[in-house]
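Here's the letter readout for the chains.
Protein chains: 2
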Amino acid sequence: MRAWVFGDNLDTDAIAPGRYLKFDIGEVARHSMENVDPSFASSVRKGDIVVGGRNFGAGSSREQAPEALKHLGVSALVAESFAGLFYRNAINLGLPALVCPQAKRIRAGDDIELDPITGRLTNRTTGETLACEPIPEFLMQLVRDGGLVPHLEKRLRTTS
Amino acid sequence: MRAWVFGDNLDTDAIAPGRYLKFDIGEVARHSMENVDPSFASSVRKGDIVVGGRNFGAGSSREQAPEALKHLGVSALVAESFAGLFYRNAINLGLPALVCPQAKRIRAGDDIELDPITGRLTNRTTGETLACEPIPEFLMQLVRDGGLVPHLEKRLRTTS
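These protein sequences, in sequence, are chains A and B.
Take the first sequence: its letter number 100 is residue 100 in the numbering used here, and every next letter is one higher.
Take the second sequence: its letter number 81 is residue 81 in the numbering used here, and every next letter is one higher.
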């Protein structure tokens, strides 16, 4: 899967620009990242991985930020660290977000493969393997179920 | 309330040292921060505020980290940024965590007051006012209810 690489402190306004928030998620997604990488929204493909630096997803808590990335088919996020609110929203939407201290070793366009359970990231372009922090099992269950709402629905069905 | 100030990338092992995790939360809390500030656990008082730098709560997802701070009576956390997993756990436990870009202006021992709704932080020692990012209303409801579990219980009672 192709790696789309962004820098430190990338904020939610870059991911989901404020002036499109009044439109539906398809329209927001079409403008995702347009101020930092105008080719992103039209070129990203299903399964691709977004790579960030420190404090990825800083700024406002708008849920459309992870939602736009999911809508575009992004399969996972990898960053040195994530802003708390963004991380919460991403996981709640079922979009896996992995902390990877060596994320900066990944270059734009690298062909990478990620196992969110073990945290193992294989870079096929460079032949390198990076160790990301695996998603804790209690959150992985939520991601597997497709996010918080379907996860709770499933649990409530099971217990009732 | 007294400010207890810590640096960048303070990890969950500093907050809740691994070798005490097999004991109850009272014992874990008694050793909180002992490797960075041995006076913290015995001197912190109900209502005090913990102040961090960048990526506060990095490292493992252990829920005992925010739980220990809550157990010690810490009323809120303020930091330049929070690690995603730690932030999630803190909010789920009903412990307010506020992003404050100017957190480094607060000195250890300053007498500070924080309004988590508006994000206004008043430093009575220096006379300064800092603007933190308010906790979004949907999360503040969860914090007010005492955390995720009581919040869900309340909502389920209301809707059933």
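Any given hint could turn out to be false.
Here are some of the chain B residues that sit facing chain A, going by a computed Cβ distance under 10 Å [to be verified]:
no. : residue
1   : Tyr-20
2   : Lys-22
3   : Ile-25
4   : Asn-55
5   : Phe-56
6   : Ser-60
7   : Ser-81
8   : Tyr-87
9   : Pro-136
10  : Phe-138
Okay, derived cross-link-like pairs now, DSS-like style, lysine-lysine, Cα gap no bigger than 27 Å in a straight line [as the list claims (entries may be wrong)]:
no. : chain 1 : residue 1 : chain 2 : residue 2
11  : B       : Lys-22    : B       : Lys-104
12  : B       : Lys-154   : B       : Lys-70
13  : A       : Lys-22    : A       : Lys-46
14  : A       : Lys-154   : B       : Lys-154
15  : A       : Lys-104   : B       : Lys-70
16  : B       : Lys-46    : B       : Lys-22
With the Cβ distance kept under 7 Å, some of the chain B side facing chain A (calculated, not the full set) [claimed, not checked]:
no. : residue
17  : Phe-40
18  : Ser-43
19  : Ala-83
20  : Gly-84
21  : Arg-88
Hints were generated in silico from the structure; no laboratory data involved.
All residues carry an ideal CB built from backbone N, CA and C; glycine is no exception.
Hint numbers not upheld by this structure, sorted from lowest to highest: 1, 2, 3, 11, 15, 17 and 18
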